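> Modelling step: build the complete structure from the supplied sequences, incorporating the hints.
Protein chains: 2
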Amino acid sequence: MADGPTINTIAARAGVSIASVSRVLNGLPTRQETVRKVMAAADELGYVRNAVARSLKSRRTHQVAFAMADVGNPAYLAMLREIQPVLKAAGYRLVLHSTDAVAADEIDVLRSLGERYVDGLIMSPLRVTDAHLETLAAARAPVVIIGQVPEGTPVDNVRADSRTGVRLAIDHLYALGRRRVAMVNGPLDTVPGAARGAGYREALEAVGLPYDEDLVQIADFYRPEGRRAVAELLARRPDVDALMCANDLIALGALDVLRDAGRRVPEDVAVAGMDDTDLAAASWPSLTSVSLGSAERGRVAAELLLERLNGGEREPRRVTVPPRLVVRASTAGEGHCAEGRSAEGRHAEGSGA
Amino acid sequence: MADGPTINTIAARAGVSIASVSRVLNGLPTRQETVRKVMAAADELGYVRNAVARSLKSRRTHQVAFAMADVGNPAYLAMLREIQPVLKAAGYRLVLHSTDAVAADEIDVLRSLGERYVDGLIMSPLRVTDAHLETLAAARAPVVIIGQVPEGTPVDNVRADSRTGVRLAIDHLYALGRRRVAMVNGPLDTVPGAARGAGYREALEAVGLPYDEDLVQIADFYRPEGRRAVAELLARRPDVDALMCANDLIALGALDVLRDAGRRVPEDVAVAGMDDTDLAAASWPSLTSVSLGSAERGRVAAELLLERLNGGEREPRRVTVPPRLVVRASTAGEGHCAEGRSAEGRHAEGSGA
Numbered sequence: 001m002a003d004g005p006t007i008n009t010i011a012a013r014a015g016v017s018i019a020s021v022s023r024v025l026n027g028l029p030t031r032q033e034t035v036r037k038v039m040a041a042a043d044e045l046g047y048v049r050n051a052v053a054r055s056l057k058s059r060r061t062h063q064v065a066f067a068m069a070d071v072g073n074p075a076y077l078a079m080l081r082e083i084q085p086v087l088k089a090a091g092y093r094l095v096l097h098s099t100d101a102v103a104a105d106e107i108d109v110l111r112s113l114g115e116r117y118v119d120g121l122i123m124s125p126l127r128v129t130d131a132h133l134e135t136l137a138a139a140r141a142p143v144v145i146i147g148q149v150p151e152g153t154p155v156d157n158v159r160a161d162s163r164t165g166v167r168l169a170i171d172h173l174y175a176l177g178r179r180r181v182a183m184v185n186g187p188l189d190t191v192p193g194a195a196r197g198a199g200y201r202e203a204l205e206a207v208g209l210p211y212d213e214d215l216v217q218i219a220d221f222y223r224p225e226g227r228r229a230v231a232e233l234l235a236r237r238p239d240v241d242a243l244m245c246a247n248d249l250i251a252l253g254a255l256d257v258l259r260d261a262g263r264r265v266p267e268d269v270a271v272a273g274m275d276d277t278d279l280a281a282a283s284w285p286s287l288t289s290v291s292l293g294s295a296e297r298g299r300v301a302a303e304l305l306l307e308r309l310n311g312g313e314r315e316p317r318r319v320t321v322p323p324r325l326v327v328r329a330s331t332a333g334e335g336h337c338a339e340g341r342s343a344e345g346r347h348a349e350g351s352g353a
Numbered sequence: 001m002a003d004g005p006t007i008n009t010i011a012a013r014a015g016v017s018i019a020s021v022s023r024v025l026n027g028l029p030t031r032q033e034t035v036r037k038v039m040a041a042a043d044e045l046g047y048v049r050n051a052v053a054r055s056l057k058s059r060r061t062h063q064v065a066f067a068m069a070d071v072g073n074p075a076y077l078a079m080l081r082e083i084q085p086v087l088k089a090a091g092y093r094l095v096l097h098s099t100d101a102v103a104a105d106e107i108d109v110l111r112s113l114g115e116r117y118v119d120g121l122i123m124s125p126l127r128v129t130d131a132h133l134e135t136l137a138a139a140r141a142p143v144v145i146i147g148q149v150p151e152g153t154p155v156d157n158v159r160a161d162s163r164t165g166v167r168l169a170i171d172h173l174y175a176l177g178r179r180r181v182a183m184v185n186g187p188l189d190t191v192p193g194a195a196r197g198a199g200y201r202e203a204l205e206a207v208g209l210p211y212d213e214d215l216v217q218i219a220d221f222y223r224p225e226g227r228r229a230v231a232e233l234l235a236r237r238p239d240v241d242a243l244m245c246a247n248d249l250i251a252l253g254a255l256d257v258l259r260d261a262g263r264r265v266p267e268d269v270a271v272a273g274m275d276d277t278d279l280a281a282a283s284w285p286s287l288t289s290v291s292l293g294s295a296e297r298g299r300v301a302a303e304l305l306l307e308r309l310n311g312g313e314r315e316p317r318r319v320t321v322p323p324r325l326v327v328r329a330s331t332a333g334e335g336h337c338a339e340g341r342s343a344e345g346r347h348a349e350g351s352g353a
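Chains as they are written, first to last, in the UniProt record's numbering: chain A, 1 to 353; chain B, 1 to 353.
These are computed hints drawn from the structure, not numbers from a lab. Any given hint might turn out to be false.
Same chains, same names: a pair is fine if it fits in one copy or spans any two.
Claimed, not checked - Under the rule of at most 20 Å between Cα atoms (straight-line distance), these lysine to any residue pairs were calculated in the SDA-like manner:
| # | residue 1 | residue 2 |
| --- | --- | --- |
| 1 | Lys88 | Asp108 |
| 2 | Lys88 | Val102 |
| 3 | Lys88 | Ala103 |
| 4 | Lys88 | Gly147 |
| 5 | Lys88 | Asp100 |
| 6 | Lys37 | Ala12 |
| 7 | Lys88 | Tyr117 |
| 8 | Lys88 | Ser112 |
| 9 | Lys88 | Gln63 |
| 10 | Lys37 | Arg60 |
| 11 | Lys37 | Ala11 |
| 12 | Lys88 | Pro5 |
| 13 | Lys88 | Asp105 |
| 14 | Lys37 | Thr190 |
| 15 | Lys88 | Asn73 |
| 16 | Lys37 | Asp241 |
| 17 | Lys88 | Ala131 |
| 18 | Lys88 | Leu309 |
| 19 | Lys88 | Ile107 |
| 20 | Lys37 | Pro5 |
| 21 | Lys37 | Glu225 |
| 22 | Lys88 | Ala332 |
| 23 | Lys88 | Ala104 |
| 24 | Lys37 | Arg163 |
From a predicted model like this one, the values you see are computed outputs, not experimental measurements.
Structure below.
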């Protein structure tokens, strides 16, 4: 930026005095023709954005950014619902980024902090790479990361604990007398899949049940994939009496398949999900689910950032929001009928007006 | 603003030269002590924000705001999911406001356009008052309103048509042979309640069914309120064979009550909701629902705004997104069991880790 355009180069390009350029850039009363010339020259030289950026550099913008992986994902939306009012109450506008979980996009957002269009950033990256860490180290504004970061990363960090979350659910299923507890997990090469798989093994060990590979089925984190995986699992192991599903969408797929197969939930097979989305309470039977505290993670992240923005000089903090088991009818209910068809079996769209 | 602080008054307050103030405000290399003095003086005089604002006035900020009534409402989130990628693709950042449906908040957002922190605004007000219209007329940046505005309002406007939406659902229920079609509506003094009530009357007339006040029940737009209203309605009129519910949450409440009462859905009573939220497909039986095109309204609003930002001088446009009936098992299914308990009857929360 030191080699970039200055008031002098703009004045030369515009053919006006340095004083005129200064007046225009400071918004002081100036002849319209002069304003036009200066702005055109500044534009051509790429000056004004930098000038504004520099001016903002020592100023508050009263804006904070939240960069989430996916604007359609209920877990991020639950964070957003908490972040927005906390920032609003503190007088900040919220700038929203959706990075589509693309690392390059996330790194662009971190780099753009140099433009000082916000005073701080909350980011929820899918996974933190070395490139993230380098850019974070050079970040020009406070950053709070929601998610896993390597030990020692000098940044405020809020994380979930899905591993313990799986244990809560398995303990609950075991306490209900279930002994053939299968796991329908997401892909093991994803951060959540790996953590949930580890939690499953630990939980079985803790209650004294053997780990049986035959009771593990992998699915993508969506309902149709959940259906396919559970159908395969049931064909192979019709004796399962409980299904621990790695998220609510997989669990909804499990309910579909069990209904079609005439298996009662929870009498024959208990079902637990994870994330405790709005869908869990809307399903029938309503779905027992592990809350990973998305809302609370959002709130804590916003509060940590506000502390920094209020000048708090302190060591980076790491906060783990504990999981919580929300028990509903799919594990603890009774008398649910299993006949009928799957919930999505009959979709058809009528015509509009 | 003409009487506000100038470079001269800042220089006097800071005890530095006018040239120094100019250098600082333009981000040119300056001694740190001078920067500190000038910034402190500018702060005290309230200068710099205006200077930045003025500078931005003739610049693009590459930011667009979306002001929604409630960051937790699925209909607005559906809009957000479409608005965000359209703006991102066009190179705009999204600033998010949640106004809590408070008119004064909405008007503040409109007024703040004068600060030119964004290039344009998409707003979804709950209802447009005279104060909105006055502020809109003076707005300093292009605005697109999602919602109803009075005829002749000189602003781009995208609207739903819930009245026709109700008709689509009633036509469908009538075609299925239902003749005692009740309406569980929201409060009649809300814009959606009034429109849906009018749609119900029109729809009955169109298919030749008499309007019977006894078949109309009013509830707030939430599930527990829906439950209470449907229980009252069924007690009064056990002969109803279809329920048109003014939104999906009321319809979920209706499913709860019908289940508890041992009435089969749809054999005994068909149920239709409105808004076609994610909950409709998650419920069981899955819920027939009228989509009011939230996603499409968001997309169209973003496109109209981009047209304006790209310099499009044209008459204000009004676009009505037609409703669409999404038929699922709650009206067109069969063989669904009605025994068991309500989906939320057993909620209990386990402890965290």
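> All hints are to be evaluated individually against the structure, with a verdict given for each.
Taking the hints in turn, this is what the structure says about them:
1. Taking CA atoms no more than 20 Å apart as the test, Lys88 paired with Asp108 passes between copies only; the shortest distance there is 13 Å, against 25 Å inside one copy.
2. In this assembly of identical chains, Lys88 and Val102 lie within 20 Å of each other by CA distance solely across copies; the values are 14 Å between and 28 Å within a copy.
3. For the identical chains of this complex, Lys88 and Ala103 are inter-copy neighbours only, at 16 Å across copies versus 28 Å inside a copy, given an alpha-carbon limit of 20 Å.
4. In this assembly of identical chains, the alpha carbons of Lys88 and Gly147 never lie at most 20 Å apart, being 23 Å within a copy and 24 Å across copies at closest.
5. Taking identical chains as interchangeable, the C-alpha atoms of Lys88 and Asp100 lie at most 20 Å apart only when they sit on different chains, with a minimum of 11 Å there against 25 Å within one chain.
6. Taking the shortest alpha-carbon separations for Lys37 and Ala12, only the intra-copy value of 11 Å comes in at or below 20 Å, while the best inter-copy value is 30 Å.
7. In this assembly of identical chains, the alpha carbons of Lys88 and Tyr117 lie at most 20 Å apart whether taken from the same copy (17 Å) or from different copies (16 Å).
8. In the homo-oligomer, the alpha carbons of Lys88 and Ser112 lie at most 20 Å apart only across protomers (15 Å), although the nearest pairing inside one protomer, at 22 Å, exceeds that limit.
9. Taking the shortest alpha-carbon separations for Lys88 and Gln63, both the intra-copy value of 10 Å and the inter-copy value of 18 Å come in at or below 20 Å.
10. In the homo-oligomer, the alpha carbons of Lys37 and Arg60 lie at most 20 Å apart only across protomers (17 Å), although the nearest pairing inside one protomer, at 30 Å, exceeds that limit.
11. Proximity of Lys37 and Ala11 under a CA criterion of 20 Å is satisfied intra-copy only: 9 Å inside one chain copy versus 27 Å between copies.
12. Taking the closest pair of Cα atoms, Lys88 and Pro5 never come within 20 Å of each other, the shortest separation being 37 Å inside a single copy and 28 Å across copies.
13. With identical chains, the CA atoms of Lys88 and Asp105 are at most 20 Å apart between copies only, with a shortest distance of 11 Å across copies and 26 Å within one.
14. For the homomeric pair Lys37 and Thr190, neither the shortest alpha-carbon distance inside one copy (54 Å) nor that between copies (52 Å) is at most 20 Å.
15. Taking the shortest alpha-carbon separations for Lys88 and Asn73, only the inter-copy value of 17 Å comes in at or below 20 Å, while the best intra-copy value is 22 Å.
16. In the homo-oligomer, the alpha carbons of Lys37 and Asp241 never lie at most 20 Å apart, since the shortest distance is 77 Å inside one protomer and 72 Å across protomers.
17. With identical chains, the CA atoms of Lys88 and Ala131 are never at most 20 Å apart, being 31 Å at best within one copy and 23 Å at best between copies.
18. Taking identical chains as interchangeable, the C-alpha atoms of Lys88 and Leu309 lie at most 20 Å apart only when both belong to the same chain, with a minimum of 14 Å there against 27 Å between chains.
19. For the homomeric pair Lys88 and Ile107, the shortest alpha-carbon distance between copies (16 Å) is at most 20 Å, but the shortest distance inside one copy (26 Å) is not.
20. In this assembly of identical chains, the alpha carbons of Lys37 and Pro5 lie at most 20 Å apart only when taken from the same copy (15 Å versus 25 Å across copies).
21. Taking the shortest alpha-carbon separations for Lys37 and Glu225, neither the intra-copy value of 60 Å nor the inter-copy value of 63 Å comes in at or below 20 Å.
22. With identical chains, the CA atoms of Lys88 and Ala332 are never at most 20 Å apart, being 40 Å at best within one copy and 45 Å at best between copies.
23. Taking CA atoms no more than 20 Å apart as the test, Lys88 paired with Ala104 passes between copies only; the shortest distance there is 15 Å, against 29 Å inside one copy.
24. Taking identical chains as interchangeable, the C-alpha atoms of Lys37 and Arg163 are never at most 20 Å apart, the minima being 62 Å within one chain and 53 Å between chains.
Checked against the numbered hints listed earlier, the structure breaks hints 4, 12, 14, 16, 17, 21, 22 and 24; every other hint is satisfied.
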